[in-house]
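**Q** Let's have the full structure, built from the sequences with the hints guiding it.
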Amino acid sequence: MDPLNAIVALANYVLIPGAAYGAQLALGALGVTLIYGILRFSNFAHGDTMAFGAMVTILFTWAFQSWGIGFGVLPTALLALPFGIAVTALLLLGTDRAVYRFYRRQKAAPVILVIVSVGVMFIMNGLVRFIIGPDDQQFADGARFVFSARDFKEWSGLDEALVLRTSQAITVVTAVVVVIALFWFLNRTRTGKSMRAFSDNEDLALLSGINPERVVAITWIIVAALATVAGVLYGLDKSFRPFVYFQLLLPVFASAIVGGLGSPVGAIAGGFLIAFSEVTVTYAFKKVLGYLAPGGWEPDGLVQLLSTDYKFAVSFAILIVVLLFRPTGLFRGKSV
Amino acid sequence: MNSMGMVAVQAVVLGALGYFAGGAAVALLLVALRLLAFGVTASGAAGRADLRNAALFAIVAVLLVYSGATQGWNVALGIFNMGLISAIMALGVNMQWGYAGLFNVGIMGFVALGGLGAVLTGMPPVAEAWAAGGLRVLAGLAIGAATIAGAVVLWKRMAKGAARGWSMVALLVVGFFLFRFVFDAGVAAVEAVNPASTGYLGGLGLPVLIGWPVGGLLAAGAAWIVGKTALGLRSDYLAIATLGIAEIVIAVMKNEDWLARGVKNVIGLPRPVPYEVNLQDTASFVQTARDLGMDPVEASSIAVKLCYAGLFGIVLIALLWLSQAALKSPWGRMMRAIRDNEVAAEAMGKDVTRRHLQVFILGSAVCGLAGAMMTTLDGQLTPGTYQPLRFTFLIWVMVIVGGSGNNFGAVLGGFLIWFLWIQVEPMGAWVMQIVTWPLPEGSMLRDHLADSAAYMRYLTMGVVLLLVLRFSPRGLIPEK
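Chains as they are written, first to last, in my numbering: chain A, 695 to 1030; chain B, 340 to 819.
Keep in mind the hints are simulated off the structure, nothing from the lab.
The structure displayed is predicted, hence computed values, not measured ones.
Just to be clear, a hint being listed does not mean it is correct.
Claimed, not checked - Facing chain A, a subset of chain B residues (Cβ under 10 Å, in silico):
#1 Trp-436
#2 Leu-572
#3 Val-591
#4 Val-643
#5 Val-736
#6 Leu-808
To be verified - Heads up, simulated SDA-like pairs for lysine to any residue below, C-alpha to C-alpha not over 20 Å straight-line:
#7 B:Lys-593 with B:Val-654
#8 B:Lys-644 with B:Val-654
#9 B:Lys-495 with A:Thr-974
#10 A:Lys-801 with B:Asp-679
Virtual Cβ for every residue (Gly too), placed ideally from N, Cα, C.
**A** What follows is the structure, given as structure tokens:
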């Protein structure tokens, strides 16, 4: 019995990675849920928007690195982030002007907008591969660890090490800052309130003189910021590979639906729920149980519920359960 | 790093130039197609839609013949065969979208399941693997299925309350560990049998043609699970659920080596048609080829492709006839009534969710059938090559460009878009060469752009989809 080591091992392999991944999913799901709330369709291009934002940020990061501009212990990508957001926002506003506005004016059925977003996804997907190629890109720099395995072992004297990578710490901190800023904006500012009013009841909002085009434009800008931040954080934490962002679509949608489409709080809760479930179910608990079990009772197998290849199955299973038992999501999203 | 970044920035500028040239060419082609078709109509009997549609098909035929004359008949027949399969997939999707307005984003999964069906039927069984752990694997699967069925029964029979929830969770947890206990050992034993060449249970050893309907049945089963949960809710939910099931189907096929060797691929699937080598050894065939003035090797490959074309053509014509009959029947009218106004149809006493489930399963089964046919044509099952952009969204482009709701439109879209999909890549490489000719030989930018030409297809398909949706939402052959 060695509960201390067990807790440290659990934190190292489940809690910290889960929290970082959850923050990334939550940011992605916030973008999906905002588009759903204001524009009333599920945006299939969101994963590729994240990839596009991350790509632009990477290009700026490389430019800064070549000019010798760094950010000390923090990754240069954080400096490049505002530029990435700006370019992505321009792209999304351009897409809205060229593509979505037409259907909005026609009051097209949501499913038509979903198909249109699939077309946009195709284009963004090609654009990203066209510009940066399909390969793995490394762009993280600065200090690698907040504290490394050796630091922790020397400090605590335990067998197990707790590692906190800079990217994980930055992910969580950035996500908290972004979420606080978003909620302040939605709840305290005039523009944010007009957005919520528009989301709640479009006709009533129009009657009260809210300019719908302005609300839509601001939504796209916020979505660009959220998608770029989520994409960059994911890229810093893992690595940047364009096809992975398409695969993120499923957990991101699952997070948004589990929380309740259209509900920002739900998106955050859903993101963490999906992330922790994925990490917990696919983690091999042999080590943790080995510390907890009394002598001689250590498990032989890996005690892994599902192989990591099936992590999509976890978000899918949660999605199905929620659709079956509570289709509006945990936080009562907009509609069934 | 800097030069890489700069290259990328320059690539945006030059690439955009080259890209718009390519995109514009495809768009112009589509516009020309419509104008040409209208021109034929105007010169012939006025307003005769049938003539226009026939002209559209004739144009596709001319495109194929042209590529046959310039690139060789082998290439043209290869495109034609995949065009037939694409047309069948498009028919399946058209049932779901065109008849009923259901948005299925998981076509890839159903197509892959169809391929699995072909393998599980057509490949010979591996006796040692069955002896080593086949029954144990089956027992494990049975326990898993029984657990889920038991949970469903429990949920339906017990009274509402906390007891019901907890007992269901307990049943699932116990069932899961029992399943893993029985299943894992069986899988390990099966996969240990000669892993380099088999390491899986093999199939039933039946003729591969039987595998086609089996593939359709597998896809139908998956569609039933998805449809049962996601239909009756918002239309977006079905899209997301199908996206999920497709990813899971591919993940299972990649990782469950005992089933179909995973990423090690099953190769050498038995064929329903003769082999080229056998034809070349047949004296009468060689003589006929010589008499026709053809090289026997090329003639054998063309003959095999023609056999496939015949088989696929029979399936396509049968399905097209059935789909037309269904669309014209009271059932088809009811489906379209539901699509156009669910509330009104429900008020008339139609069970909307049930009908949706029915057509969703039918359409998915057709996609599975096409998937089994494609695996048969390839002679191998390679789970690693299933990409959603290629197997899901390309089919959507086919249906929407062809004309959603019209079976002939779906077939036309299948042929036309598949032709473009194959031909855009060399076109892209060619455009890139023109755009980059002022650049010095061996410059990084030139290489980068040449490498990127492959991704022009995605861009082009996206642009085509958006243009058609915006300017011609009813497609080339509109619904009547």
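**Q** Evaluate each hint against the coordinates.
**A** To see whether the hints hold, each was checked on the structure:
1. Trp-436: Status holds, d = 9 Å.
2. Leu-572: Holds: closest Cβ of chain A sits about 5 Å from B:Leu-572, inside 10 Å.
3. Val-591: holds (8 Å)
4. Val-643: At 34 Å from the nearest chain A Cβ, B:Val-643 fails the 10 Å test, so the hint is violated.
5. Val-736: holds (8 Å)
6. Leu-808: OK, holds: B:Leu-808 within 10 Å of chain A, min 6 Å.
7. B:Lys-593 with B:Val-654: violated (29 Å)
8. B:Lys-644 with B:Val-654: holds (15 Å)
9. B:Lys-495 with A:Thr-974: violated (29 Å)
10. A:Lys-801 with B:Asp-679: Holds. A:Lys-801 to B:Asp-679 sits at ~15 Å (cutoff 20 Å).
The structure shown violates the earlier hints numbered 4, 7 and 9.
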